[in-house]
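K.L.:
The primary structure of each chain is shown beneath.
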Amino acid sequence: KAGVTQTPRYLIKTRGQQVTLSCSPISGHRSVSWYQQTPGQGLQFLFEYFSETQRNKGNFPGRFSGRQFSNSRSEMNVSTLELGDSALYLCASSLGQGANQPQHFGDGTRLSIL
Amino acid sequence: SQQGEEDPQALSIQEGENATMNCSYKTSINNLQWYRQNSGRGLVHLILIRSNEREKHSGRLRVTLDTSKKSSSLLITASRAADTASYFCATAVLISSGSARQLTFGSGTQLTVLP
Numbered sequence: 001k002a003g004v005t006q007t008p009r010y011l012i013k014t015r016g017q018q019v020t021l022s023c024s025p026i027s028g029h030r031s032v033s034w035y036q037q038t039p040g041q042g043l044q045f046l047f048e049y050f051s052e053t054q055r056n057k058g059n060f061p062g063r064f065s066g067r068q069f070s071n072s073r074s075e076m077n078v079s080t081l082e083l084g085d086s087a088l089y090l091c092a093s094s095l096g097q098g099a100n101q102p103q104h105f106g107d108g109t110r111l112s113i114l
Numbered sequence: 001s002q003q004g005e006e007d008p009q010a011l012s013i014q015e016g017e018n019a020t021m022n023c024s025y026k027t028s029i030n031n032l033q034w035y036r037q038n039s040g041r042g043l044v045h046l047i048l049i050r051s052n053e054r055e056k057h058s059g060r061l062r063v064t065l066d067t068s069k070k071s072s073s074l075l076i077t078a079s080r081a082a083d084t085a086s087y088f089c090a091t092a093v094l095i096s097s098g099s100a101r102q103l104t105f106g107s108g109t110q111l112t113v114l115p
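Protein chains in written order, with our numbering: chain A, 1 to 114; chain B, 1 to 115.
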């Protein structure tokens with residue numbers, strides 16, 4: 001079975017731009033969660049999508065948004081990029097909703113803001 | 001603030017030795033999970049232990065959970081150079097339905113195994 005695939009692996013943007021990151025979950029997994037990882041704040045939960053609906057949201061500003069398609073693939077969008085958005089963005093998929101089962105992570109998208 | 005905090009922040013051992021990492025958390029949990037992250041890669045799930053379990057094993061890994069002390073430990077026996085990575089505990093905070101909404105990760109322990 002193919003693992004979680006995130007594209008692109010690396011991205012460089014400038015302040016004020018917007019960016020869209022993509023995540024393809026493991027086949028059959030219906031939940032996709034997104035996390036931001038930085039040296040200062042560690043791993044922080046952004047949001048979870050299940051059956052095309054956002055089920056849970058972390059403490060991030062509205063500039064961070066996402067969506068999930070009928071095939072469970074998910075995209076995350078960040079608008080009006082700030083220097084502090086530089087991070088490794090990880091997505092994770094699981095069979096069911098919530099945190100009752102293991103999460104399977106992709107290798108992330110490294111976003112650098114200049 | 002982080003729900004789970006790992007201790008120590010960094011650990012350096014010789015190949016063949018055992019490595020123990022600890023995790024403390026603050027609120028009631030549905031389950032606690034341990035993950036490994038190699039540099040520049042995503043996280044790999046190691047073990048999930050539920051709140052009604054006290055110990056779980058997987059190969060060279062042993063996880064214990066003490067809900068009265070709100071703490072967990074991960075033991076890696078007979079460590080190898082390939083075990084060099086960051087190890088994170090993640091807690092699934094219990095909500096009123098008995099389920100758990102999301103994982104909250106600790107800051108991690110950087111383990112270095114010297115050949």
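No wet-lab data here; the hints were simulated from the structure.
The structure presented is a predicted model; accordingly, all values stated were derived computationally and were not measured.
Heads up, a few of these hints could be off.
Cβ pair distances, simulated, as ranges [as the list claims (entries may be wrong)]: (1) B:51 to A:5: 46 to 52 Å; (2) B:80 to A:14: 29 to 35 Å; (3) A:51 to B:38: 29 to 35 Å; (4) B:41 to A:30: 23 to 29 Å; (5) B:75 to A:41: 27 to 33 Å.
Glycine residues also receive a C-beta, built at the ideal position from the N, C-alpha and C atoms.
K.L.:
Compare the structure with each hint and give your call.
P.N.:
Going down the list of hints, with the structure as the test:
1. B:51 to A:5: 46 to 52 Å: 33 Å, violated
2. B:80 to A:14: 29 to 35 Å: Because 43 Å falls outside the window, the suggested range is violated.
3. A:51 to B:38: 29 to 35 Å: With Cβ atoms ~32 Å apart, the hint holds.
4. B:41 to A:30: 23 to 29 Å: 24 Å, holds
5. B:75 to A:41: 27 to 33 Å: 28 Å, holds
Hint compliance for this structure: hints 1, 2 are not met, and every other hint is.
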